[in-house]
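**Student:** Residue-level listing of the chains:
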Amino acid sequence: MDELPIQSGDDVVRVRQHVRILAAKSGLSLVDQTKVVTAASELARNALVYGGGGMARVEVVTSATGRNGVRVDFTDDGPGIGDVDLALTDGWTSGAGLGLGLSGARRLVDEFELTSKAGAGTSVVIVKWSR
Amino acid sequence: MERVPILKIGSTLFVSIQIDLQDETVIRLQEDLATELVATRATGVIIDITAVEIVDSFIGRMLTMIGSISRLFDAETVLVGMRPAVAITLTELGLSLRGVRTALNAEKGLELLSGSS
Numbered sequence: 003m004d005e006l007p008i009q010s011g012d013d014v015v016r017v018r019q020h021v022r023i024l025a026a027k028s029g030l031s032l033v034d035q036t037k038v039v040t041a042a043s044e045l046a047r048n049a050l051v052y053g054g055g056g057m058a059r060v061e062v063v064t065s066a067t068g069r070n071g072v073r074v075d076f077t078d079d080g081p082g083i084g085d086v087d088l089a090l091t092d093g094w095t096s097g098a099g100l101g102l103g104l105s106g107a108r109r110l111v112d113e114f115e116l117t118s119k120a121g122a123g124t125s126v127v128i129v130k131w132s133r
Numbered sequence: 002m003e004r005v006p007i008l009k010i011g012s013t014l015f016v017s018i019q020i021d022l023q024d025e026t027v028i029r030l031q032e033d034l035a036t037e038l039v040a041t042r043a044t045g046v047i048i049d050i051t052a053v054e055i056v057d058s059f060i061g062r063m064l065t066m067i068g069s070i071s072r073l074f075d076a077e078t079v080l081v082g083m084r085p086a087v088a089i090t091l092t093e094l095g096l097s098l099r100g101v102r103t104a105l106n107a108e109k110g111l112e113l114l115s116g117s118s
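If you read the protein sequences in the order shown, they are chains E and R.
Residue numbering for the first sequence follows the numbering used here, beginning at 3 and increasing consecutively.
Residue numbering for the second sequence follows the numbering used here, beginning at 2 and increasing consecutively.
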């Protein structure tokens with residue numbers, strides 16, 4: 003598993019590049035690579051902007067049925083999300099954004115698990131499987 | 002932070018994005034374009050994203066804003082060269098880039114601009 007810090011805009015770009023490399027390695031199509039990299043970009047930015055920085059852990063995983071995929075685990079120690087369901091609603095934003103980052107990222111991947119508590123940081127795990 | 006160069010050809014400003022965009026770079030591009038639009042009185046902006054591998058919600062919003070800003074300076078913006086995978090992803094993300102005109106490539110973009118002036 004590769005650990006990448008998210009402390010600056012440059013780091014967000016590095017996370018994208020790294021996810022791209024492992025997505026290609028796990029055999030995802032170009033469209034699926036683009037989807038998971040875009041989702042990773044949204045989540046890395048969230049960790050930076052709303053979480054005050056964090057960490058991305060990227061790895062190639064294999065499913066029970068033998069399919070390869072890429073898994074990314076984002077964590078931050080920020081203020082957390084009080085209402086997770088609300089935060090996952092299209093168009094809802096706590097900042098100046100469009101409110102598509104979190105909900106859009108969820109649509110772009112196969113598995114999406116968000117764990118957060120107000121005051122205790124946020125963790126988002128995404129997986130995209132090859133077809 | 003890297004900067005995206007802006008070229009003036011005739012009455013059109015050409016921007017070809019060849020780097021991995023980070024948020025600050027896009028914000029800077031927006032400011033640079035506004036300055037150039039005033040300085041050059043250009044009537045059109047072509048943004049070539051052939052080399053851009055992903056457009057996420059922030060970058061998409063900034064591109065839409067560049068379109069709105071140029072309109073305030075009486076210039077039309079055309080986004081050209083979007084990769085098929087980027088188009089599919091943007092749509093699934095829920096981003097419509099409303100208000101920004103698009104064309105298949107730079108040549109078609111120029112035709113669009115000359116037809117609209």
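Warning: the hint list may mix true and false statements.
To be verified - Calculated cross-link-like contacts (lysine to aspartate or glutamate; reagent style DMTMM-like; alpha-carbon spacing at most 25 Å):
| # | chain 1 | residue 1 | chain 2 | residue 2 |
| --- | --- | --- | --- | --- |
| 1 | E | LYS27 | R | GLU54 |
| 2 | R | LYS9 | R | GLU112 |
| 3 | E | LYS27 | R | GLU93 |
| 4 | E | LYS27 | R | ASP21 |
| 5 | R | LYS109 | R | GLU37 |
What the hints assert, rightly or not - Derived contacts from chain E toward chain R, CB cut-off under 10 Å, selection only:
| # | residue |
| --- | --- |
| 6 | SER10 |
| 7 | LYS27 |
| 8 | VAL39 |
| 9 | GLU44 |
| 10 | GLY106 |
Since the hints were made in silico from the structure, they are not lab data.
The beta-carbon is built from N, C-alpha and C at its ideal position, and this holds for glycine as well.
**Student:** What are the numbers of the hints the structure violates, in ascending order?
**Tutor:** 7
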